Amino acid sequence: MKTAERQIVAFGGGGFSMESGNPLLDDYVLGLTRAERPRVCFLPSASGDADHYIVRFYRAFSAHRCEPSHISLFRREQGPGDLRRHLLSQDLIYVGGGSVVSLLGVWRAHGIDSILREAWEAGVVLCGLSAGSLCWFAEAVSGFHGEPKRLRGLGLLPFSNCVHYERGAGRGEAYHRFLREGMRGGYAAEDGAALHFSGEELSRVVASRPRARGYRLDVAGTRVVEMQIATTYLGDREAIPAAPLPEALSTAPAA
Amino acid sequence: MGFANGPIPKATAVRRILALGGHEFSSRPPDRAVCELLLRLAGESGAERPRICILPTASGDTSDQIASFYSAFGERHCDPSDVSLFRLGRRPLELRDHLLEQDLIYVGGGSMVNLLAVWEAHDIASILSLAWRKGIVLAGQSAGAMCWFEAGITKSSGRPLAAAGLGLLEGSLCVHYNNEPERRAAYLDAVGEGMPGGYGLDDYAGLLWEGEGAPSAVTARRGARAYRVSQREGEVAESPLPARFLPAPAPAALREDIAEFRRIKTMRRRAGWLG
Chain Z
1 MKTAERQIVA FGGGGFSMES GNPLLDDYVL GLTRAERPRV CFLPSASGDA
51 DHYIVRFYRA FSAHRCEPSH ISLFRREQGP GDLRRHLLSQ DLIYVGGGSV
101 VSLLGVWRAH GIDSILREAW EAGVVLCGLS AGSLCWFAEA VSGFHGEPKR
151 LRGLGLLPFS NCVHYERGAG RGEAYHRFLR EGMRGGYAAE DGAALHFSGE
201 ELSRVVASRP RARGYRLDVA GTRVVEMQIA TTYLGDREAI PAAPLPEALS
251 TAPAA
Chain H
1 MGFANGPIPK ATAVRRILAL GGHEFSSRPP DRAVCELLLR LAGESGAERP
51 RICILPTASG DTSDQIASFY SAFGERHCDP SDVSLFRLGR RPLELRDHLL
101 EQDLIYVGGG SMVNLLAVWE AHDIASILSL AWRKGIVLAG QSAGAMCWFE
151 AGITKSSGRP LAAAGLGLLE GSLCVHYNNE PERRAAYLDA VGEGMPGGYG
201 LDDYAGLLWE GEGAPSAVTA RRGARAYRVS QREGEVAESP LPARFLPAPA
251 PAALREDIAE FRRIKTMRRR AGWLG
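Listed in order, the protein sequences are those of chains Z and H.
The opening position of the first sequence corresponds to residue 1 in this note's numbering, with each subsequent residue numbered one higher.
The opening position of the second sequence corresponds to residue 1 in this note's numbering, with each subsequent residue numbered one higher.
None of these hints come from the bench; they were simulated from the model.
Note that the structure is a prediction, hence the values are computed from the model and not measured.
Glycine residues also receive a C-beta, built at the ideal position from the N, C-alpha and C atoms.
A couple of the hints might just be wrong.
Claimed, not checked - Examples of chain H residues lying across from chain Z (beta carbon under 8 Å, computed):
#1 Ser-71
#2 Gly-74
#3 Leu-88
#4 Leu-100
#5 Ser-111
#6 Gly-158
#7 Leu-161
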């Protein structure tokens, strides 16, 4: 029987969607399944189930190393009839990027939100990038369209989340502002960095690029405290997983 | 009796919705006839260059649907645009302002359940309802036609099932009436079981609501029909509605030839070559 370790890997950005030729993050999530030929289901809902995206998934997750499938909620007549059964039989569920607002709307309409919670509790590894990262958290900073917005996610992880957390991208500033305005503390990840949670705890940060980092953000009074988290670069052959200890401490000034 | 002392009655905008049972944006005659009707409705605002915007949400904003829309309207005397909620990141625009400055908003086909879910997430329904009350024509085919009613029969989950719409129009609608017998059967069952009655629309049949009162039926293909579907004491009745035939305009290439001929004729007249 499968021991139900609940795992979520939230990419700030990366994997086959953004890093063609760099399979480090995708290999990492496949490895977590501990299955010889993991069953991997791609959920491209945030893209509106874009054909080209589905094709890219099948190229990256080819049948020689896993058993790939996808669910298109815009073409239900073609896919698996019983969504719940299909999703619960997977080793890994991979959520693509796009519009997190549209993603959550469509998921609710098809009952995917509650199935994913069930899958997580049953030990299916959940992962995704961008919108596919934000969705797992209680709160999220979405910068998909216009000004960054604050929104609610599925809430499997009781934190806030911000993706594509590159310097000068404007999201950092918005995230800090939201935190000062009462958003709960949480995690941010740069492109190439992924936050790996076991249960509701961050177990480590891994990266497909040597300099990509993850961050922990909290509010102390009116100040936002941002800590860079030690990150394991997956490209080092003898990489020893780093513990999530603060590597550097910076305190952002209050507004 | 008179209004001399009262406030001048404000002209209320005519609320118009065109619901189509099914069509494409191809160059085939019935598709051209549908486009001509959309252009005519958009032009009734008096705009010099009517603005027509497609919401391809129900398809997941597929490039196919968007491209065929532009190929149908791109060369015509109008200002076509698209609002793709899944692709806003690439082309930021003010949703509300953009939609409210249109003459006609066209909703494409696809998944009715996803259409309404995504609209709800982006708060589009209230904008469309306001657009309708302001006199902006609302139109659409398939899921994009059923969405305006209280209910429709959708295959969003694979097999035909009843789903709730926005409810701007009373009653229900079932599309692809002639082409999908299982959808029609599900509709007749649902109406028999208490779903509000309404209309069945074949592909290339349409219903046009203009202001208060009953809609008028149109058809762009001989034999395509609109039906009134109602229930009385458990019995469901379908009655075909008389429909006005929409002739197909000349294809684009021919239109250009005609325009060229007219230009030459005008030049000749100006030059005094013709009487």
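May I ask you to test the interface hint for Leu-88 of chain H with respect to chain Z, counting a Cβ-Cβ separation under 8 Å as satisfied? Check passed: Cβ of Leu-88 of chain H comes within 4 Å of chain Z, closer than 8 Å.
Grab the minimum C-beta distance from Leu-100 of chain H to chain Z and call the hint holds if it beats 8 Å, violated otherwise. 17 Å, violated
Ser-71 of chain H as an interface hint toward chain Z, with CB separation required under 8 Å: Result: violated, 19 Å to nearest chain Z Cβ.
Status of the hint placing Gly-158 of chain H at chain Z (closest C-beta pair under 8 Å): 5 Å, holds
Closer than 8 Å between Cβ atoms is the bar; does Ser-111 of chain H clear it against chain Z? Give me holds or violated. 5 Å, holds
Answer holds if the nearest beta-carbon of chain Z is closer than 8 Å to that of Gly-74 of chain H; otherwise answer violated. Given a least distance of 22 Å, the restraint on Gly-74 of chain H is violated.
Per-residue hint verdict: Leu-161 of chain H, partner chain Z, C-beta under 8 Å: 11 Å, violated
Checked against the numbered hints above, the structure violates hints 1, 2, 4 and 7; every other hint is satisfied.
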